[in-house]
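J.: Could you build the full structure based on these sequences and the hints that come with them?
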Amino acid sequence: MGIEGFVNRVIRWCFYSIKDRIPFINKWKEVEDACKVSIKNNLLSALTSQLFDDISTLASAVAAIAKIELPNGKWREVIEILSNDCGINLEYIQLNAVITLSYIFNEIKPEIINENQIEMVLEKYIQILNK
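Under the numbering used here, the residue at position 88 of the sequence shown is numbered 94, and the numbers go up by one with no gaps.
The set of hints was computed from the structure by calculation and includes no laboratory data.
Any given hint could be a false lead.
[What the hints assert, rightly or not] The calculated lysine-lysine pairs, modelled on DSS-like cross-linking and capped at a C-alpha distance of 27 Å, are:
| id | residue 1 | residue 2 |
| --- | --- | --- |
| 1 | K73 | K42 |
| 2 | K46 | K130 |
| 3 | K35 | K80 |
| 4 | K130 | K115 |
| 5 | K115 | K42 |
| 6 | K80 | K115 |
| 7 | K73 | K130 |
| 8 | K35 | K115 |
| 9 | K46 | K73 |
| 10 | K80 | K33 |
| 11 | K73 | K33 |
| 12 | K35 | K46 |
| 13 | K80 | K46 |
| 14 | K115 | K73 |
| 15 | K46 | K33 |
Computed from a predicted structure; not experimentally measured.
T.: If you want it as structure tokens, here you go:
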């Protein structure tokens with residue numbers, strides 16, 4: 007399955023009820039760590055590409071994985087990676103990063119993200135707005 011097929015599956019999962027999400031969450035937990043890393047890296051790479059048209063779909067997929075990983079203390083670097091992307095001088099990368107961060111923050115409980123990460127994201131948002 008290619009990246010688009012995976013993204014479509016993740017998006018469908020986002021609309022399931024909590025009860026219906028459990029099989030997907032369990033399936034994700036069964037995926038080998040190396041494969042998870044590859045999937046997450048491919049999703050983040052797609053965010054910096056102009057070839058992927060539907061950013062909301064891609065951002066939703068990243069947020070769905072973050073919703074599983076972050077509460078378990080995994081994939082903490084996703085916030086920093088996306089915050090750094092906000093500082094890149096290409097508007098489409100900044101926009102994609104801001105959209106994705108907003109999806110992640112909308113999906114997870116505030117206490118999961120530490121205060122330093124929140125400050126870092128806010129600083130990047132302010133830098134973008136001041137340009």
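J.: Taking the hints in turn, state whether each one holds.
T.: Cross-check of the supplied hints:
1. K73 x K42: With Cα atoms ~14 Å apart, K73 and K42 stay inside 27 Å; holds.
2. K46 x K130: Distance of about 22 Å is within 27 Å: holds.
3. K35 x K80: holds (12 Å)
4. K130 x K115: holds (21 Å)
5. K115 x K42: holds (22 Å)
6. K80 x K115: holds (15 Å)
7. K73 x K130: holds (22 Å)
8. K35 x K115: holds (20 Å)
9. K46 x K73: holds (13 Å)
10. K80 x K33: holds (16 Å)
11. K73 x K33: holds (14 Å)
12. K35 x K46: Status holds; Cα separation ~14 Å.
13. K80 x K46: holds (12 Å)
14. K115 x K73: Given that 27 Å is the threshold and the Cα spacing comes to 9 Å, the pair holds.
15. K46 x K33: Status holds; Cα separation ~15 Å.
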